[in-house]
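Colleague: Make a model of the complete structure from these sequences and hints.
Heads up: the sequence lines are chains Y and Z, in that order. Here the first sequence is numbered in this note's numbering, starting from 1 and rising by one per residue. Here the second sequence is numbered in this note's numbering, starting from 221 and rising by one per residue.
Simulated crosslink set (EDC-like; lysine to aspartate or glutamate; CA at most 16 angstroms straight-line): (1) Y:Lys-93 - Z:Glu-434; (2) Y:Lys-103 - Z:Glu-444; (3) Z:Lys-681 - Z:Asp-663; (4) Y:Lys-10 - Z:Glu-404.
No wet-lab data here; the hints were simulated from the structure. Quantities reported herein were computed from a predicted structural model and do not represent experimental measurements.
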Amino acid sequence: MDARLRRVNKEIADCKNDKTSNIVVDLIDSSPYHLRGSFSGPEDTPYQGGHFEVDIVIPESYPFQPVKMKFITKVYHPNVSSASGAICLDILKDAWSPVLTLKSTLISLQSLLCSPEPNDPQDAEVAKHYMTSKSSFEETARYWTMIYAGGPGKGGVPKATKGGTMDEVAMAGLEKAHVDQFEAIGFERSKVIDVLRRLNYRGANVAKINDDRVVEELLK
Amino acid sequence: MSSDYENSDNEYYDDEDDMMLEDEDGSASEMDVDAFDIDYRTSGKDKLKLYEVEYDPLSQRDVEKMMQQDVENISGIFGVDSNIAALLLRHLDWNKEKLIEKYMDNPTAVNTAAGISRPERSAEPPRSSSRSQPSQSLLNLGPRRSSRRPTAEPPKSGKTKIIERISPPVEEPQAFVCPICFDETQTETYSLHCEHRFCTSCWNTYITSKIRTEAEHWVTCMAEDCSLVAPDSFIRKALQEDNSTWNRFQELLVRHFVACNPSLKYCPYPSCTYTVSCPSASSRSSLTTIVPIVTCGASSSHKFCFGCHVDDDHRPVVCGVAKMWLQKCQDDSETANWIKSNTKECSKCQSTIEKNGGCNHMTCKKCKYEFCWVCMGPWSEHGTAWYSCNRYDEKASVDARDAQSKSRASLERYLHYYNRWANHEQSAKLSMELYAKTEKKMDEMQMTSELTWIEVQFMKKAVDEVFKCRMTLKWTYAMAYYLDSGNQKELFEDNQRDLERAVEELSELIESPLEPESIPSLRQKVTDKTVYVQKRNEIVLEDTAKGLLEGRWKWNCSIEGFD
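Modeller: Now the structure itself:
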C-alpha cells in the first residue's frame with residue numbers, strides 16, 4: 001500500500017473515531033482522494049449553527065504538498081470567495097507542513113471563521129463590507145449562514161424584518177442599485193433578491209452575468 | 221594564391237575607399253583560416269575592442285568554488301561548522317559584511333533566524349554548554365533506529381562534532397510510528413536537532429518535492445511551526461542515492477548565490493548552467509557607458525546582454541535606449557498618433573472617420589450626420605459656398621493646423637526610423653533562408669568549379685557578417701531616433717550610411733546568380749567586401765562605444781540612467 005493511501009485511510013478513520021471535535025470527513029465517490037469535509041460554525045460568530053461543507057482534493061504528492069480545499073457551502077467571509085468558495089489561508093499554501101492533517105486543517109478553517117483577516121482578503125467586496133460596517137457585515141454573514149448553511153434564523157431575522165427592504169438587500173450581499181434596476185422592469189422585489197442571490201450577482205460577477213440572463217431567471 | 225589576394229585587397233581599398241585601415245589583421249589572405257575560428261574572442265582576448273567588455277564565463281563548478289571560499293571564510297571567522305556557515309550566508313543573501321556585523325551583535329538571533337537553532341524556550345532542557353558555542357548545538361544527523369541501538373557514526377574530523385544524542389529513557393519501548401506516513405514498518409528515522417523525528421522515506425519524499433517541485437533550497441523541518449532548516453549534509457544524507465535531485469539542489473544554491481551577487485549573471489539560455497562574471501557592468505550607472513554583451517562558456521551561441529533582457533545583442537545602443545525604443549514600438553500610442561493625424565471624429569456620434577478622398581461635404585456613414593470636414597460644423601449652415609467657410613475662426617484654424625502638422629511630422633519621423641529598424645530585423649529573421657540558399661550555392665560552386673569545400677566557405681562567412689551587421693544597423697536606427705540633431709549625430713549617421721551601403725552591396729553579391737565562369741571573380745569580390753563590411757561594422761561599434769565612454773552623445777529626451 002502506498003504511503004499516501006495509507007495516510008489518507010488513517011486520517012479518515014481518525015475522523016470517524018473522534019466524536020468530540022465535530023469534524024466529519026466523508027467519501028464523495030469511491031476515490032479516497034476526493035472527499036467532503038464538514039464542520040459546524042463556531043459559536044459566538046455569525047456562522048453559529050450553520051453546517052459548512054468543504055470540498056477536499058488530495059494531491060498526488062500529499063502530504064508533502066498541501067491538500068486542496070474549498071467551501072461547497074456559500075460563506076460570507078473576507079477570506080473566502082463568495083463566488084467560488086476558494087479559501088485564502090496560509091497553511092493551505094506556503095505554511096503547509098506534512099504533519100498537518102485533514103482534521104487539523106478543517107479545524108483551522110473553523111477557526112478562520114472566528115477570526116477573519118480582512119487585510120489579506122480573498123473576496124475584496126466582502127472585506128470592504130467588513131471594514132466599513134462590521135455590524136452590517138455580520139448581519140449578512142448570519143443571513144447567509146441561515147439560507148445556505150441551514151443556520152437558525154432567529155438571531156438576525158427579526159431585526160431584518162423590522163429594518164425593511166434596505167436590510168434585506170444588504171443581507172443578501174447585493175447592491176441596492178442592482179435590485180432597483182430589475183425591480184424597475186416590473187418584477188417583485190423579493191423575487192429579484194432571490195434570483196440575484198442565486199446567481200451570485202455581486203462584485204466582479206456582475207460583469208459576467210448579462211441582464212438577459214437575469215430576466216430569463218426572473219421569468220422562470 | 222595568397223599573394224593574389226593581398227594584391228586585390230590593396231587594390232580594393234585604393235579604388236573604392238580612401239579610408240585608412242591601420243589594422244591589417246583581417247586581410248583576405250587570412251580569411252580562409254578565419255572561417256574556422258568560431259570563437260573570435262579567444263583569438264583576440266588579449267586586446268579587447270572598445271565595444272567589448274571584460275568578463276569571465278564561469279562553470280557551475282567555478283561558482284561552487286566561490287561559494288565554498290565564502291563559506292570557509294565565515295566558518296573560520298565564527299569558528300562554526302561549514303554547514304552552519306553556509307546556512308548563515310544563505311540567510312543573509314551572501315552578504316558577508318552584514319552577516320559578520322549582525323552575528324557579532326547577536327549570534328543567537330541570527331542563528332534563530334537562519335533556522336540553525338530554535339527560539340529559546342524555558343521548557344527546553346538546559347544545554348548551557350552548547351548555547352555558548354553554536355558549533356556544538358549541531359544537528360543530529362545520524363540515522364537512528366528506534367530499537368535504541370546507537371549507530372556507530374564515523375567520527376568526523378575538524379569542527380564537525382556530531383552529537384549523537386542517546387535517546388532519553390523516557391522513550392517508550394513501543395515501535396516508532398512516523399506521524400506522516402503512519403507506517404509502522406519504518407524503523408529508520410532522521411531528525412534535525414529539534415528532535416522532530418520522521419522516517420527516512422518521508423524525509424526523502426519531502427526534500428525531493430521541495431527541491432524538484434518548488435525549486436526551494438531552504439528546506440525547513442517537516443513539523444508544524446518548526447523553523448529549523450536542513451543543512452546540506454542532512455539533505456545529502458536524506459536524498460540517499462538520488463544524485464540527480466542532489467545536483468538540482470546544488471544548481472539551486474548556485475542560482476541563489478548568483479542572484480545575490482550583482483557582478484554575476486546566470487546564462488538565460490534554457491537548461492544552461494553557466495554563469496558570467498562581469499564586475500564592470502554590475503552597477504546600473506555603468507550601463508550608460510558600456511553595452512555589456514557577454515557569452516557564457518557553454519556555447520558561443522549563448523550570447524546575452526549582462527545589463528538587460530531586451531535583446532541578445534543590442535550594440536551599439538545602451539540598455540536604456542534599447543528598452544525605450546522597444547517600448548515605443550510596442551506601445552499603442554503610435555497607433556493612436558496615426559489615428560490622431562489621419563482621422564477626425566463625427567461631431568454627432570463620435571465615430572472615427574478617415575477621409576480618403578472626395579469633397580469636404582461629409583456624411584457620416586453611421587448616423588447620417590452631414591458636416592464640413594474643414595470646420596466640423598453642420599453642413600446645412602454652409603449652403604453651397606463652403607470654400608469661404610466663415611465659421612472657421614482664423615486663430616483657431618492656424619493652431620489646429622499647426623497641431624496637426626506637428627503630430628504628423630513627429631509620426632513621420634518615427635516611421636522613418638521604425639521602418640528601417642524593422643527592415644533590418646526582418647532581413648535578419650530571413651537569414652535562415654539565406655543560409656539554406658547559400659549552402660546550396662556552395663554545393664553548386666564545388667561542382668561547377670575547381671573550388672574545394674574549404675575554399676567555398678567564404679560564402680558562409682559573408683552571410684555571417686551580413687547577419688551581424690544587420691543587427692548592428694537595426695539598433696543604430698533606435699539610437700539615431702533618440703540622438704539630438706547636431707554634428708555628432710551627423711557623424712554617426714555617416715558611419716551608419718557607409719555600413720548600410722556596404723552591407724547592401726555584399727547582400728546583393730551573395731544573392732547574385734551563379735555563373736561558372738565568374739565564380740573566381742565573385743569569390744574575390746565577396747571576400748573583399750566581407751572584410752570591408754567587417755571593418756565598417758567595427759568602426760560603427762568602436763565609435764559609438766567611445767562616444768559613450770566620453771559622454772559625447774546628446775539625447776533628445778531623458779533616458780533612464782543618464783542625468
